[in-house]
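Visitor: When the sequence shown is numbered by my numbering, its final residue is 342 and no position is left out of the sequence of numbers.
The set of hints was computed from the structure by calculation and includes no laboratory data. Ideal Cβ placement from N, Cα and C applies to all residues, glycine included. Do not take every clue at face value.
[As the list claims (entries may be wrong)] Here are the computed distance ranges between Cβ atoms for each label pair:
no.	residue 1	residue 2	range
1	Glu-113	Glu-298	40 to 46 Å
2	Asp-271	Lys-196	39 to 45 Å
3	Glu-298	Lys-270	32 to 38 Å
4	Asp-204	Asp-285	31 to 37 Å
[Unchecked claim] With a straight-line cut-off of 30 Å between C-alpha atoms, the simulated DSS-like cross-links for lysine-lysine are:
no.	residue 1	residue 2
5	Lys-243	Lys-193
6	Lys-269	Lys-251
7	Lys-270	Lys-215
8	Lys-107	Lys-88
9	Lys-270	Lys-193
10	Lys-223	Lys-251
11	Lys-200	Lys-251
12	Lys-196	Lys-270
13	Lys-221	Lys-251
14	Lys-156	Lys-196
15	Lys-196	Lys-88
16	Lys-243	Lys-269
17	Lys-269	Lys-193
18	Lys-223	Lys-189
19	Lys-196	Lys-243
20	Lys-189	Lys-200
21	Lys-200	Lys-270
22	Lys-270	Lys-189
23	Lys-251	Lys-193
24	Lys-189	Lys-269
25	Lys-243	Lys-200
26	Lys-243	Lys-215
27	Lys-269	Lys-200
28	Lys-189	Lys-107
29	Lys-221	Lys-196
30	Lys-85	Lys-107
31	Lys-85	Lys-156
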Amino acid sequence: PQVSPEEKQCLATLVNVNSINTWTLWDSDSTTMGITPQFAQVVNIKVNKLMDPHMLQLGMVGSRSSVKFGAIVEIDIGTTHTRTYVDIANFDCYNMIIGTPFMHNHNVVLDLAKNKKRQQYQRSQMRNRLRNHYSTTPQSKHLNIPNLRKQWFKEFKDVMKGPPDELPLFREVNHKIRLIDKNKRYHYYSPQCPHSLCSEFHQKLNQYINTKWWEPQSVDQAAPLLCIPKKDRQLRTVTNSWQCNDNTIQDVTPLPDQEVIREDVFFIFLFFKSAFIETVAMITNGCTKAVPKSETYQTETLN
Numbered sequence: 040p041q042v043s044p045e046e047k048q049c050l051a052t053l054v055n056v057n058s059i060n061t062w063t064l065w066d067s068d069s070t071t072m073g074i075t076p077q078f079a080q081v082v083n084i085k086v087n088k089l090m091d092p093h094m095l096q097l098g099m100v101g102s103r104s105s106v107k108f109g110a111i112v113e114i115d116i117g118t119t120h121t122r123t124y125v126d127i128a129n130f131d132c133y134n135m136i137i138g139t140p141f142m143h144n145h146n147v148v149l150d151l152a153k154n155k156k157r158q159q160y161q162r163s164q165m166r167n168r169l170r171n172h173y174s175t176t177p178q179s180k181h182l183n184i185p186n187l188r189k190q191w192f193k194e195f196k197d198v199m200k201g202p203p204d205e206l207p208l209f210r211e212v213n214h215k216i217r218l219i220d221k222n223k224r225y226h227y228y229s230p231q232c233p234h235s236l237c238s239e240f241h242q243k244l245n246q247y248i249n250t251k252w253w254e255p256q257s258v259d260q261a262a263p264l265l266c267i268p269k270k271d272r273q274l275r276t277v278t279n280s281w282q283c284n285d286n287t288i289q290d291v292t293p294l295p296d297q298e299v300i301r302e303d304v305f306f307i308f309l310f311f312k313s314a315f316i317e318t319v320a321m322i323t324n325g326c327t328k329a330v331p332k333s334e335t336y337q338t339e340t341l342n
C-alpha cells in the first residue's frame, strides 16, 4: 500500500551535543546510541578505539555491522545536562541516533501525533510534590496509627500469626529431585549450635515435633543443620545440603520462557497473601533424602 510522506516521517529533532545542534533520530526500536564519524570530526570529539569491538544488529535478519570506536559526549535535553557514551558508526540521513535505553533513563516520551519529544517529571520530583501535598492535608493529623495497626493485624491475622501448628495438606507432587548416585555416601562436619541460640533452638525443635513437622528417626547418614543468627540475633536453621546438591541431576533451561515468568510473577502478585508462609508436605519415600542431622530428626515438610 502507498503511504504518504507525512505518515512515513520519523521523529527527528535538533539535540545539543557538545554545544552544537545536531540532527538526531529518536529511534524507539534501537538499543544503541551513536554518532557519525563526520560529526565527531567537526565537533572535535575525542574518539577512542574499543578493545573489544561489538556487533551492531541492523533491521534485517543476517545484516550486521561492527562498532570499533566510541566516545563520551555531553548532551543537553531541556533542562537536563548529562554525559553519556555513544558508538561511532556510519548512519544515513542523521548525525546521531538515540535509542530506547537513553529514553528510559531520562524519562523521554515520544509524541508522534505532534511530532515532538518531551520529558516526564523525574520520580524524585514527583515524590517531593506528593509529599508536600499530603503533608499539608489537615486530615493527615487525625490518623490513629495504633488503632490502624491493630486493625491491620486483625484483618491479616492469617498471614501474621506465623507458621500453623499442624501439617499442611498433601497436594499433588509436581517436582522430584533426581539423584545421580542413590547410594553415595556423604561426609559432613558436624557443627555445634551456639550457646546463645540453644534455648531458642530447643523451643523451635519442640514446636516442630509437636506439630509433627519433624519426627525422631534413626538413619545411616544425614545432612547437618546449621544454627545461624539473623540480623536481629534470632535463630535461623539452614540445612547444609551442598554435597547432596552436587549429587543431583541439574534441570535447568538455558533460555527461560518469558511468558511463563510473566505468568508466575502475576500469580504471585495476586496470591501473595496465601503464599506468605508456604509449607509443602513431602511424600514419604523421599523423606529420608532430606533428613537434617540434629539428634537426628526427619523432616516431613519442605519450606
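Visitor: Compare the structure with each hint and give your call.
Guide: Going down the list of hints, with the structure as the test:
Distance hint check for Glu-113 and Glu-298: the Cβ-Cβ separation is about 41 Å, which falls inside the suggested range of 40 to 46 Å. For the pair Asp-271 and Lys-196, the supplied restraint of 39 to 45 Å is violated, since their beta-carbon distance comes to about 22 Å. The beta-carbon spacing between Glu-298 and Lys-270, approximately 37 Å, falls within the hinted interval of 32 to 38 Å. Between Asp-204 and Asp-285 the beta carbon distance is about 35 Å. The supplied range of 31 to 37 Å therefore holds.
At most 30 Å may separate the alpha-carbon atoms for a hinted pair to count; Lys-243 and Lys-193 meet this at roughly 25 Å. Restraint check for Lys-269 and Lys-251: the C-alpha separation of about 25 Å stays at or below 30 Å, so the hint holds. With a C-alpha separation of about 33 Å, the suggested pairing of Lys-270 with Lys-215 is violated against the 30 Å cut-off. Note on Lys-107 and Lys-88: the hinted pairing holds, with a Cα-Cα distance of about 6 Å set against a maximum of 30 Å.
Simply put, Lys-270 and Lys-193 have alpha-carbon atoms about 27 Å apart, close enough for the 30 Å limit, and the pair holds. In summary, the hint linking Lys-223 to Lys-251 is supported, as the alpha carbons are separated by about 28 Å, within the 30 Å threshold. Simply put, Lys-200 and Lys-251 have alpha-carbon atoms about 19 Å apart, close enough for the 30 Å limit, and the pair holds. Among the hinted pairs, Lys-196 with Lys-270 is consistent with the structure: their alpha-carbon atoms are about 25 Å apart, no more than 30 Å.
Pair hint Lys-221 plus Lys-251 holds up; C-alpha atoms about 27 Å apart against a cutoff of 30 Å. For the hint linking Lys-156 to Lys-196, the alpha-carbon distance of about 49 Å lies beyond 30 Å, and the restraint is violated. Of the supplied pair hints, the one linking Lys-196 and Lys-88 is violated, its CA atoms being roughly 62 Å apart against a limit of 30 Å. Proposed proximity of Lys-243 and Lys-269 is supported: the alpha carbons are some 15 Å apart, at most 30 Å.
Distance restraint check for Lys-269 and Lys-193: the Cα-Cα separation of roughly 27 Å lies within the 30 Å cut-off, and the hinted pair is therefore satisfied. For the hint linking Lys-223 to Lys-189, the alpha-carbon distance of about 53 Å lies beyond 30 Å, and the restraint is violated. Restraint check for Lys-196 and Lys-243: satisfied, since their Cα atoms lie roughly 21 Å apart, inside the 30 Å limit. For the given pair, Lys-189 sits about 13 Å from Lys-200 by alpha-carbon distance, which is consistent with the 30 Å threshold.
Restraint check for Lys-200 and Lys-270: the C-alpha separation of about 21 Å stays at or below 30 Å, so the hint holds. A threshold of 30 Å between alpha carbons decides the hint, and for Lys-270 with Lys-189 the separation of about 26 Å falls inside it, so the pair holds. As the CA atoms of Lys-251 and Lys-193 are separated by approximately 28 Å, the hinted pair is consistent with the 30 Å bound. Proximity of Lys-189 to Lys-269 is assessed by CA-CA distance (about 26 Å); at most 30 Å being required, the pair is judged to hold.
Proposed proximity of Lys-243 and Lys-200 is supported: the alpha carbons are some 15 Å apart, at most 30 Å. Restraint check for Lys-243 and Lys-215: satisfied, since their Cα atoms lie roughly 28 Å apart, inside the 30 Å limit. As the CA atoms of Lys-269 and Lys-200 are separated by approximately 20 Å, the hinted pair is consistent with the 30 Å bound. Pair hint Lys-189 plus Lys-107 does not hold up; C-alpha atoms about 63 Å apart against a cutoff of 30 Å.
The suggested pairing of Lys-221 with Lys-196 is violated, with an alpha-carbon distance near 43 Å, which exceeds 30 Å. Between the alpha carbons of Lys-85 and Lys-107 the distance comes to roughly 14 Å, so the proposed pair stays at or under 30 Å and holds. Distance restraint check for Lys-85 and Lys-156: the Cα-Cα separation of roughly 28 Å lies within the 30 Å cut-off, and the hinted pair is therefore satisfied.
This entry does not satisfy hints 2, 7, 14, 15, 18, 28 and 29, going by the numbered hints stated previously.
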